[in-house]
Amino acid sequence: MSAPLILAVPSKGRLQDDAAAVFAIAGLPLVSGATRSYRGRIESLPNVEVAYLSAPEIAREIAAGSVHAGITGADQVAESADGRATLSLPLGFGRCDVVVAVPEPWLDVETMEDLDDVAASFRPTHGRRLTVATKYINVTRRFFAGHGIADYRIVESLGATEGAPASGAADLIVDITSTGATLRANGLKIVSDGVILRSEAHLVASKAIRWSAGQKQAYAAVVAKLKAAV
Amino acid sequence: MTDKPGKLPALFAGAGYKYVELPIVYPARVFVELAGEELRRQLYLTSADGGEELALRPDFTIPVTLNHLAAGAATRKAGYSYLGPVFRLRPGETGEFIQAGVESLGRRDAIAADADMLKLAFDAAALFGIKKPKVRIGDSALFAALLDSLDLSAPWRERLARAFGDTPRLKRFIANADGTSEPPHSEFAGADVATVRAAVAEHFAATGLGEGGGRTADEIAARFVAKAELARGIPKRAAGALTAFVRIAGTPAKSLAALRKLAEREGLDLDAALAAFERRIDAFAAHRIDVDALAFAADFGRRLDYYTGFVFEFPSRGNGPLIGGGRYDRMTAHVGDGKVAVPAVGFSVWLDRIDKVGKR
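The listed protein sequences correspond, in order, to chains A and B. Per the numbering used here, residue 29 is the first one in the first sequence, and the count goes up by one each step. Per the numbering used here, residue 278 is the first one in the second sequence, and the count goes up by one each step.
It should be emphasised that the hints constitute simulated quantities derived from the structure, not laboratory data. No experiment lies behind these values; they were computed from the predicted model shown. The beta carbon of each residue, even a glycine, is placed where N, CA and C say it ideally should be.
Here are some chain B residues the structure puts well away from chain A; computed CB gaps all over 12 Å: (1) 297; (2) 349; (3) 353; (4) 364; (5) 388; (6) 410; (7) 535; (8) 569; (9) 617.
Facing chain B, a subset of chain A residues (Cβ under 7 Å, in silico): (10) 134; (11) 135; (12) 169; (13) 176; (14) 180; (15) 199.
Could you build the full structure based on these sequences and the hints that come with them?
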């Protein structure tokens, strides 16, 4: 048999459950491997091998061309696989927005233009640059550059980004939110034109790997079945 | 590479610049604090044993300045030259490339220093067989003088100053400054600083966020009130003058005449900046630079806020300049502990680009 299509699927949490449900509805139930739990298969598609990875890893592996396709958020693709992946199909779950959020007491800041003014005058007053905590480093740089904002510094956040302003780790954040409740609980508000992207889980294909005819065929079958299901 | 780059240190030494060998690895914050997040994404980063973020030098200007400040009184006069690799992530070009150049610090005769610099850049280009380059020149001091002489509120003056060097953005600001696009804040409209300050303090208390090392209630309230000025926009007359200014381009002589005409028509006091511009052009001519071959553009400048006046560029046919230079009087005040502003001017030769041109 020729080399299989490697399809990466989320390995934990809500995304894993939702992805498994979509495959089941599409008549492609995922079967976990007997010996290696991080590998699986699809009964009716023998030419597909399933790799279980975290959502951020899936985007990185797609960008690196070490898997053909996978299920991950559009936010992860924008951060780690920009230009190296095709969003084949939105799947209707894992919805979240990537937003710019500032401390709610910043009554003078409503727009990105305000934030630009604040960033530019920050260093002369405070002797350091305005800091932004985020896991979305590339997304943030692109969005801020698009708004002409240069006077800031990113502080890479490895978890609980929304707590950074309260702990003093950063002045503001770029993070995901679905209802905004967590942001509000942390005393933060979304900048009015600061919604960077509206994300949901997608079936994503890598542009960085060689596709054989058989792999293309197998992928087309997966896309068609999932499309009918969502 | 040809053997031509090797001739640059001798040229620079002959002009009185002392060759310096500098470290390649620096704390990343040195570059990020100075040039911002935009530069950071071009940096090759690594970390030290203790976790400190380090970067390979992305240019020589910052290392040379640090070296100058570390070795003696900031304001002393000194000229340095360098040749070596710099490192930047550049799409479509190699990440490690060679630059050579000079930096002059502490000279008080700014006009003469600017002219010496441009002359030396022409001599460097000639080493690579570049005979009649179409050199672009600009002068942000002219724009600064224009902003000072126009009827603008402080928040608008700051916005416009910051957009210099990014003309599409500057034009967008001018178009949006008609007083219609920015509605005043509904809550506390027309309130004074004390009232707003009290409201901000309440919000701080309610959210449990401390002012910490971040923005204070005073700062937020002051800017809140200043926003009313932004909402009022800028006078039509000022917008017209700004639009006319950014369009001015051509030979230095023609541009100078156009700038004088604009100043006269609008009743603007640009005398000092224009006189300096003219003296600089005369100094170029005294160095036998063909001034009519220089392409001035009133909107040409660098967005980095430590560049303060004269800038120039030898353009390539492809990406980026062959030689880029300018005056950066504000840098020493921004780096390290150097609180003193030291006059500084210099240029860098992008050897990977210029050496290819020389071969053709």
